[in-house]
Amino acid sequence: MTRLRITGGAVHDPANGIDGDVGDICIENGRIVASLPADAPTLRAGGMVIMAGGIDIHAHIAATSVSMGRRLLPEEHALHPVAAPALDDGSIPRSGTGGTVPSTFTTGYRYAGLGYTTVFDAAVAPVAARQTHAELDDTPIIDGGFFALLGNDEYLHRQIAAGELARAKDYAAWILRSTGGYAIKVVNPGGVELWKRNVREVKTLDDPVGSSSVTPRRILEVLAGAANDLGLPHPVHIHCNNLGVAGNVAMTLDSMRALQGRRAHFTHLQFHSYGGERGKSWSSAARQVAEYVNSHPEVTGDVGQVMFGDATTLTADGAVEYLLHTSTGRKWINSDIELETGCGIVPYSYREKAAVASLQWVVGLELFLLSSDPWRMVLSTDHPNGGSFMSYPDLIRLLMDRAYRDEKLKSVNQKMLAGSALADGIAREYTLNEIAIITRAGPARQLGLAAKGHLGVGADADITIYSRDADFAKMFSTPRYVLKAGTLVVEEGQLRRAPAGKRIFVKPGFDDTLLRDLGKYFEAYSSVRLANYPVTGLRDAPVPTRGA
Amino acid sequence: MSEATRIEENVTCLGCGCACDDIAVVIAGARIREARNACTLGVRWFGDGSLPGAISGGRSAAIEDVLREIASLLRSARAPLVYLAPDLTCEAQGAAIAIADQLRAFVDGVTSSTSADGILAAQRRGRASATLGEIRNRADVVVFWAVDPAASYPRFQSRYAPNPVGVYLPQGRRDRTVIAVDVGAQRGPADADVRIQMTAEEEQLFLASLRASLAGRALGNQSIAARVTELATRLNKARYSVVVTDAESPPSVPSGRADSLIALTQSLNATTRCSLCSLRAGGNRNGADTVLTWHTGFPMAVDFSRGAPRYTPGNAAGARLAHGDCDAALIVGNTNAIPTVVREALGATRIVVIGPRASESTLSAQIRIDTGVAGIHESGMSLRLDDIPLPVRAVLPTPRDTASLLDALGSAIAAQGASA
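Here the protein sequences come in this chain order: A and B. First residue of the first sequence? That's 0 in numbering that gives the first Met the number 0, and the numbers climb one at a time after it. First residue of the second sequence? That's 0 in numbering that gives the first Met the number 0, and the numbers climb one at a time after it.
Derived from the structure by calculation, the hints contain no laboratory data. Note that CB positions come from ideal geometry on N, CA and C, so glycine has one too. Heads up, some of the hints might be wrong.
Said to hold, decoys possible - Listed next, the in silico SDA-like pairs over lysine to any residue satisfying Cα-Cα at most 20 Å (straight line):
id, chain 1, residue 1, chain 2, residue 2
1, A, K330, B, E63
2, A, K519, A, Q287
3, A, K519, B, V164
4, A, K202, B, N36
5, A, K506, A, L537
6, A, K519, B, R210
7, A, K330, B, R210
8, B, K236, A, V198
To be verified - Quick look at which bits of chain A chain B covers, simulated, 3 or more residues with Cβ under 8 Å:
id, stretch
9, 93-105
10, 131-143
11, 329-338
12, 522-530
My request is simple: use the sequences and hints to build the entire structure.
Here it is as structure tokens:
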């Protein structure tokens with residue numbers, strides 16, 4: 000379909016200052032245009048709600064770690080067989096399995112079925128980027144990209160130790176360019192390398208990682224600087240040290256202060272906003288984190304909400320997964336990867352009756368509800384860590400419907416909730432426009448995607464149309480129509496078409512004198528030839544960087 | 000007249016799962032003359048690169064007609080099998096799996112016959128692992144458990160461990176302790192620093208005692224106590240140990256080795272760091288498991304007959320064929336590498352082979368289409384035994400590209416209507 004006019008719907012397009020006004024959206028050749036000839040086909044959306052397609056800024060859907068997780072969970076997949084959808088676009092539909100880590104085709108279909116059209120995998124080992132592209136090729140409909148892990152890379156640490164900061168920046172650019180990545184990811188800066196050295200705790204931002212000049216603080220500074228100097232559309236994407244540990248709020252706030260004045264994205268902040276003391280007590284510190292973010296416009300974040308039910312924890316943060324394995328007794332994968340990064344996987348369940356899970360649930364909601372700027376605190380569950388992306392509609396209901404939220408709050412374990420803001424009562428209910436901000440406009444702005452997350456002229460025609468329902472979970476779980484690049488992929492609530500999505504990546508420039516030194520390093524230490532490292536054959540155009 | 004010679008550098012070898020990617024392939028007159036840096040297995044893997052390019056058994060020689068004929072043969076089957084033999088790119092493996100899904104077939108590959116134990120154990124327990132580059136740079140204690148890589152993984156020791164210099168092992172081999180664990184006739188490397196021997200019958204008790212010892216329990220005066228204590232002590236004192244096991248060579252006496260080695264290496268991480276390294280044979284086997292996993296959630300033995308993937312590792316290709324449960328088979332890849340148990344059970348099944356040297360296959364196939372070998376005639380992706388993806392590149396032309404041909408077969412099947 001090359002042209003379509005959507006008429007009569009209430010448009011929620013906060014990026015363009017539109018808050019529920021009824022108006023036409025015109026689509027031609029996959030993009031939104033100002034007008035169409037009178038005889039263009041029409042889709043009547045009277046009484047419905049129109050938003051841009053959803054954008055997931057942080058999920059784990061396509062990586063060696065994700066497929067290791069898939070392989071670990073036959074019992075879960077056996078419970079969730081998913082038949083192929085009935086497509087009518089001539090493409091061959093694929094069956095799959097669901098659960099917390101669905102197969103790739105099912106992942107694409109399900110995201111589209113929720114009205115999400117763009118998803119980023121948040122943690123890819125650069126050496127394994129080739130597999131991420133292959134998995135994204137098999138994840139239909141959604142546009143996809145990924146963040147390349149750099150915070151525990153031995154070559155990078157070496158440059159920091161030697162004071163070779165220009166080379167560190169060039170290396171970051173080379174990694175993104177070679178892997179087809181979109182942004183720089185830091186996971187537990189220095190802490191994964193320390194885990195490989197059997198050092199299990201990072202106590203401060205100034206703990207040495209081998210050399211005394213390599214510390215979590217320096218790693219954060221160098222990579223935040225590199226992302227900003229390279230003019231990357233998305234700033235450095237940070238998973239702080241001490242994820243999931245009581246009292247970690249001190250480390251989180253220290254990390255934010257270390258980068259004060261510089262653009263930085265702090266991810267799944269729920270997992271990093273705990274008061275109390277390691278091994279002794281827990282409390283919510285969401286208010287402190289929300290207040291810091293509220294008053295520092297250079298900081299963005301996503302929440303990483305915990306949702307009750309089954310999850311799979313799956314992260315580059317190997318050390319934390321060992322702790323989870325020993326505390327839960329559940330099966331555990333660790334993979335130490337090529338001096339670059341790590342990986343840990345443990346299946347997990349968040350239960351209402353569990354004190355810590357209940358606290359985590361509350362902390363996430365507090366981050367949403369105490370955040371004064373929804374553009375800078377967006378929705379995620381760190382899928383599948385805090386819960387599946389399939390739980391987003393229920394999360395939206397928790398944010399929009401105070402009565403539902405308060406009722407739910409009564410059913411969770413109260414042990415650690417004393418004094419928490421949510422327990423004291425928060426009246427705030429998100430509006431439809433605020434939901435549009437935290438699920439599309441905000442992530443698009445944080446990611447620097449000019450043509451996504453809004454419905455203005457020139458935007459990609461990624462559009463989701465919902466039937467109104469007093470039950471917001473129902474409304475957001477079954478969009479009436481979804482368009483991807485102008486193609487109607489969901490019609491009357493049914494998935495009908497599954498076009499291939501595009502790849503979203505950057506190609507920053509770098510000083511190629513790097514390659515001489517890097518070549519020697521590869522020759523001495525790498526198990527892969529330098530010539531075989533780069534991914535080739537990406538068809539789509541890169542997103543421009545300011546430094547290019 | 001001298002033939003023009005060209006050299007393709009940095010070629011990935013799929014002769015075993017190590018996937019050495021530093022091979023220089025010398026080509027003259029459309030033949031491989033030399034595979035520099037390759038081990039004996041690698042030299043055999045590359046061969047001279049010559050391949051037949053026939054299509055045989057179809058009623059017509061035109062490829063479109065043959066694909067239609069294969070499509071109707073497979074569609075008319077009650078319970079088709081799609082079998083992933085080795086020597087395929089991940090792209091070809093994916094295309095074959097898509098066909099299995101389309102046909103509601105049963106899809107399996109060599110893994111269920113050769114390496115299922117380790118995979119099932121890892122599904123029960125998880126695993127503590129490390130990639131080969133990590134081992135090369137970090138492992139100060141290397142235990143070869145009932146395997147000498149020299150035979151089936153010849154460059155493992157020189158490329159990964161123990162020989163290379165690593166970031167944290169500046170003196171290479173001298174900074175490492177190599178421990179050979181000999182289990183009956185399955186012996187570790189001859190030049191190990193420490194050798195611990197047991198009979199095949201002792202292995203189960205040894206593994207249990209080793210874990211008990213590491214957990215701090217007394218061993219009493221068992222005959223194996225001294226050997227267990229020595230190994231436990233060395234593993235405990237290691238900075239970063241790795242236990243290398245051959246996932247393709249099960250113990251001669253059932254010993255629970257796969258489970259026990261996972262549990263052992265995981266539990267060592269309570270006090271030090273330890274990883275398990277499972278060796279896999281060649282032809283991109285790990286690729287088949289991994290691609291099947293991302294398509295279906297399961298690494299082998301996937302039954303699509305109910306319209307969605309079901310996992311039946313207890314009723315894999317060999318057993319199904321032996322019971323007569325498959326009435327047609329699409330075999331993709333190198334049929335010479337199919338395990339005997341499957342090959343013999345294929346018997347009376349109607350067979351289509353698409354793969355390198357299909358026309359020369361000893362299977363009694365009805366239709367055969369010659370294609371190329373991953374990494375020699377066909378480009379794409381492969382997975383090293385440690386899940387690191389590597390590019391494979393065609394250094395010679397293929398008779399026809401397997402992945403593209405399978406995509407075309409998928410379209411031919413779709414054109415004949417949805418599967419019942």
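### Broken hints, by number
1, 2, 4 and 6
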